[in-house]
Amino acid sequence: MRNIPMFRVAMSPHVDEYLLNTIHSGWIGQGEIVKKFEKQLENHFENPRVLTVAAGTHGLSLALRLTGVGVGDEVISTPLTCTATNMPIMMTGADIVWSDVGRDLNIDARSIEYLITDKTKAIMVVHWGGYPCDMNEIARIAHEAGDIPVIEDCAHVWNAVYKGHKIGDCFYSDYAMFSFQAIKHLTAVDGGALCVRLDDDYDRGKLLRWYGIDRETPRTDFRCEEDIKEWGYKYHMNDVNATIGLANMYLAHENDRKAQDNARYYESNLIPFDGIDIPQISDDRESSYWLFTMLVENRSEFCHMMGSKGIAVSRVHERNDKHTCFAKFRKPLPRLESIVSKMICIPVGWWVTDEDREYIVESIKGGW
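Using this note's numbering, read the sequence shown as starting at 154 and increasing by one per residue.
Honestly, the hints are just simulated from the structure, not real lab data.
Wrong hints could be hidden among the right ones.
Said to hold, decoys possible - Derived pair list, reagent style DSS-like, types lysine-lysine, alpha-carbon separation capped at 27 Å:
#1 Lys188 - Lys319
#2 Lys272 - Lys189
#3 Lys462 - Lys274
#4 Lys481 - Lys274
#5 Lys272 - Lys495
#6 Lys411 - Lys192
#7 Lys189 - Lys475
#8 Lys189 - Lys274
#9 Lys359 - Lys382
#10 Lys359 - Lys189
#11 Lys319 - Lys382
#12 Lys192 - Lys462
#13 Lys272 - Lys411
#14 Lys274 - Lys411
#15 Lys274 - Lys188
#16 Lys462 - Lys484
Stated by the list, open to error - Distance windows between CB atoms, simulated:
#17 Asp367 - Pro166: 32 to 42 Å
#18 Ile431 - Val314: 11 to 21 Å
#19 Asp380 - Asp343: 26 to 36 Å
The structure presented is a predicted model; accordingly, all values stated were derived computationally and were not measured.
Ideal Cβ placement from N, Cα and C applies to all residues, glycine included.
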């Protein structure tokens, strides 16, 4: 029987040599390699304002800090995501206002429009599985409501495109966070990046990610910091993670292309098929397909059938509003309720061979 996993870690064969050079260089903190990694990311995202961080979650916390979100404020967000999206909101003391989701599993722009109040300080959106949200509509709503900052959680995204704009260029948003955690398209073992739209946010974010210390201005004592005007965090990336990220960048491009090719194969062979709905298809955007999500009838039976054939499947993330720590924000979410019991993801990444994907489709058609 085959064993097709849901995720695998992609690691360049060159990373060993690069890591040894870094580890024995005498410098493993945030240094020149982090700068080099950031430059490569700037080129990829087509955005000259990229701040690497030690974890993607730190990027969201930094974005919320830059927007001034605090106690008594409201942040509109989606419950269909990793808890890492919404925990940073909790850390600010602000209230989460759940938006319903659309048919594409992303946050529903129409729902956002009716949730905005005079307490709304930010809108958090998540590109589920790498499939871009309707950013044009979200940006319009945010602008007409008084230029409410829009924060994109791009943890599932590497090379997605929306209406000709690469996700990360901040054309439609103020901030875009990316994750380089272990099983992402691009891994640095851990870490992330925050892309920003404004120069002022970039300059301030660069200070805040390292305790508020200006590390670029010459000092009389190279170890002692000058006056710190605003408190900050220890959110910076180090040269070790940056080395791994740099080594894996070419892999990320190749892996994304393979995932997209696998997804197109699934779409062409599973549409139409009774009992299966594929909700994330649109001509105006390109998904990076970190996940391939389907809606299936009798999900528990489907999961059992796939498991019996050696094919790992998963919902990947539990809806956040079910967790006790978010209990005070619970509310009816009709669309989410109607689809969440049907959602399931099948393997789609670079490790899925042509033979594997044929086997997956045959298994679905033969057993469903």
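Structure-based check of all given hints:
As the CA atoms of Lys188 and Lys319 are separated by approximately 22 Å, the hinted pair is consistent with the 27 Å bound. For the hint pairing Lys272 with Lys189, the CA-to-CA distance comes to about 40 Å; that exceeds 27 Å, so the pair is violated. At most 27 Å may separate the alpha-carbon atoms for a hinted pair to count; Lys462 and Lys274 exceed this at roughly 48 Å. Taking the CA atoms of Lys481 and Lys274, the gap is near 19 Å; set against the 27 Å cutoff, the hint holds.
Simply put, Lys272 and Lys495 have alpha-carbon atoms about 34 Å apart, too far for the 27 Å limit, and the pair is violated. Note on Lys411 and Lys192: the hinted pairing holds, with a Cα-Cα distance of about 25 Å set against a maximum of 27 Å. For a cut-off of 27 Å, the pair hint linking Lys189 to Lys475 is broken: about 41 Å separates their Cα positions. Under the criterion of a C-alpha separation no larger than 27 Å, the hint pairing Lys189 with Lys274 is inconsistent with the structure, at around 34 Å.
Of the pairs offered as hints, the one joining Lys359 and Lys382 holds, with about 13 Å between alpha carbons and a cut-off of 27 Å not exceeded. For the suggested pair Lys359 and Lys189, the alpha carbons sit about 15 Å apart, so the restraint of at most 27 Å is met. Proposed proximity of Lys319 and Lys382 is contradicted: the alpha carbons are some 35 Å apart, above 27 Å. Between the alpha carbons of Lys192 and Lys462 the distance comes to roughly 44 Å, so the proposed pair goes past 27 Å and is violated.
About 44 Å separates the Cα atoms of Lys272 and Lys411, which puts this hinted pair outside 27 Å; it is violated. Between Lys274 and Lys411, the direct Cα distance comes to roughly 39 Å. Violation of the 27 Å bound is thereby established for this hinted pair. A C-alpha spacing of about 32 Å is found between Lys274 and Lys188, which places the hinted pair above 27 Å, so the restraint is violated. Restraint check: the Cα-Cα separation between Lys462 and Lys484 comes to about 39 Å, which exceeds 27 Å; the hinted pair is violated.
Restraint check, Asp367 to Pro166: a C-beta distance of roughly 39 Å satisfies the suggested window 32 to 42 Å. The supplied range of 11 to 21 Å is met by Ile431 and Val314, whose beta-carbon atoms lie about 19 Å from each other. The hinted window of 26 to 36 Å between Asp380 and Asp343 holds, with their beta carbons roughly 32 Å apart.
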